[in-house]
Every structure is written in C-alpha cells, then in structure tokens.
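Start from the sequences, fold in the hints, and give me the full structure.
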Amino acid sequence: DSGVTQTPKHLITATGQRVTLRCSPRSGDLSVYWYQQSLDQGLQFLIQYYNGEERAKGNILERFSAQQFPDLHSELNLSSLELGDSALYFCASSVGGGAGNTIYFGEGSWLTVV
Amino acid sequence: SQQGEEDPQALSIQEGENATMNCSYKTSINNLQWYRQNSGRGLVHLILIRSNEREKHSGRLRVTLDTSKKSSSLLITASRAADTASYFCATEGAGSYQLTFGKGTKLSVIP
Numbered sequence: 001d002s003g004v005t006q007t008p009k010h011l012i013t014a015t016g017q018r019v020t021l022r023c024s025p026r027s028g029d030l031s032v033y034w035y036q037q038s039l040d041q042g043l044q045f046l047i048q049y050y051n052g053e054e055r056a057k058g059n060i061l062e063r064f065s066a067q068q069f070p071d072l073h074s075e076l077n078l079s080s081l082e083l084g085d086s087a088l089y090f091c092a093s094s095v096g097g098g099a100g101n102t103i104y105f106g107e108g109s110w111l112t113v114v
Numbered sequence: 001s002q003q004g005e006e007d008p009q010a011l012s013i014q015e016g017e018n019a020t021m022n023c024s025y026k027t028s029i030n031n032l033q034w035y036r037q038n039s040g041r042g043l044v045h046l047i048l049i050r051s052n053e054r055e056k057h058s059g060r061l062r063v064t065l066d067t068s069k070k071s072s073s074l075l076i077t078a079s080r081a082a083d084t085a086s087y088f089c090a091t092e093g094a095g096s097y098q099l100t101f102g103k104g105t106k107l108s109v110i111p
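Protein chains in written order, with this note's numbering: chain A, 1 to 114; chain B, 1 to 111.
What the hints contain is simulated information worked out from the structure, not anything from laboratory work.
Just so you know, even glycine gets a beta-carbon here, dropped at the ideal spot from N, CA and C.
Mixed in with the good hints, there may be bad ones.
Derived, one-sided and incomplete: chain A residues facing chain B with beta-carbon distance under 7 Å [claimed, not checked]:
id: 1; residue: G16
id: 2; residue: F45
id: 3; residue: G106
id: 4; residue: G108
See the structure below:
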C-alpha cells in the first residue's frame, strides 16, 4: 500500500458527462501528480500541484481541470467526456515538488465512457 | 510523447533465470526511475538512479545508467513467479519536475 488513496476505483459514465476523481496523497507529501494510462498512449503526465499551486502541466486536455485543496487532497475534473477518455487515471504524490523525488502512485481510478 | 523506450516489449523466462530490460531515452535527465506494475494495479517504485550515478543495487535488482548512450538497464536476478509484471522506466528531464514514462516491458516468469 503506497498510502495514496484514490476514489472511485471504477466509474462508468456516458459520453458528454462530467466526472470528478479524488485523491488523498500520502501523509506529509505536498506534491500531487495526475497521470492517464491508456493502451494506445501509455502513461501520460497530466498535471502536478505543489502545496496548492500548479507546478507543471503536461498533456492535459482543456476539458480536464484539476486543483489541490488546502488539506492537500486533489481532484481531477473531466468534462464533456468522449469514448477516448476511457482510461486508468492515476494520482501520485511526493514529499517535494522538485527534482529527484520518489513518486508514489495510488491504485488508480478506472474510467469507462460508454 | 514517450521519452523512454523499453526493450524488449515482452520477455518470458523460467523461474530462477535472470531478466534484463533496457531503456533508452532522448534528452538530458536529472534521474531515471524504474517502476513495476502488476496488471491493472498501481505503479510501485523500484529504484531511482541519478544522472551522476552509474550503477545501483536494491536486493535482487541492479540498475545501470549510461548517460553517454542515453540508456539504462534493469536486471532482476533469480527471478520468481511473483516478478511477473510490467516494468517501466521513467525519466525526469533536466529542468523538469515531471516523470516521462516509456511503454514498458511485460515480463512473464514461468514457474
């Protein structure tokens, strides 16, 4: 158990809908990362927050947004969902927000868009 | 886009044999990390090697890094059936805080 908690574990929703994925980082970790894993694209970095502030942005679509709250938990909002958004979404956390941090991954949230 | 590219894509070995997986990358890095993922599960951090290190060991794992060739290898010695998983290399680029993952090597260890 990495200590990173993600909910929900599984989610099935229809195209055009909006969902929110939730993440609680490991105790003491200030940095949260979101990754998307799909068969065709592999593991793609979406976004990183450090202590409530956006630190780095990757291949995150405009339909997706994220935030990190004062208690350090994070949410990833996915809207106007398309079939291609079906994937495993990982949250990860690390102590620091800079280079050389070990990043710990949660078990992921399986999203199926039908 | 993927920074690291693992080779081979799939590897099948007998229990007790050694498994070697390779990773190549394209740009300068701060460090390179190896992760394991059991089917449909989260990624588990195995080892981090910094750009100024050449070799690192952790239990049955040995990682090498050759920055001149922009490549790394992960050796698992005396493999066990429980080592069956996908293995990913991830690079942290110079000046970047994000990890860029390869597509992974799927290792099957046959009892």
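Violated hints, by number in ascending order, as checked against the structure: 1
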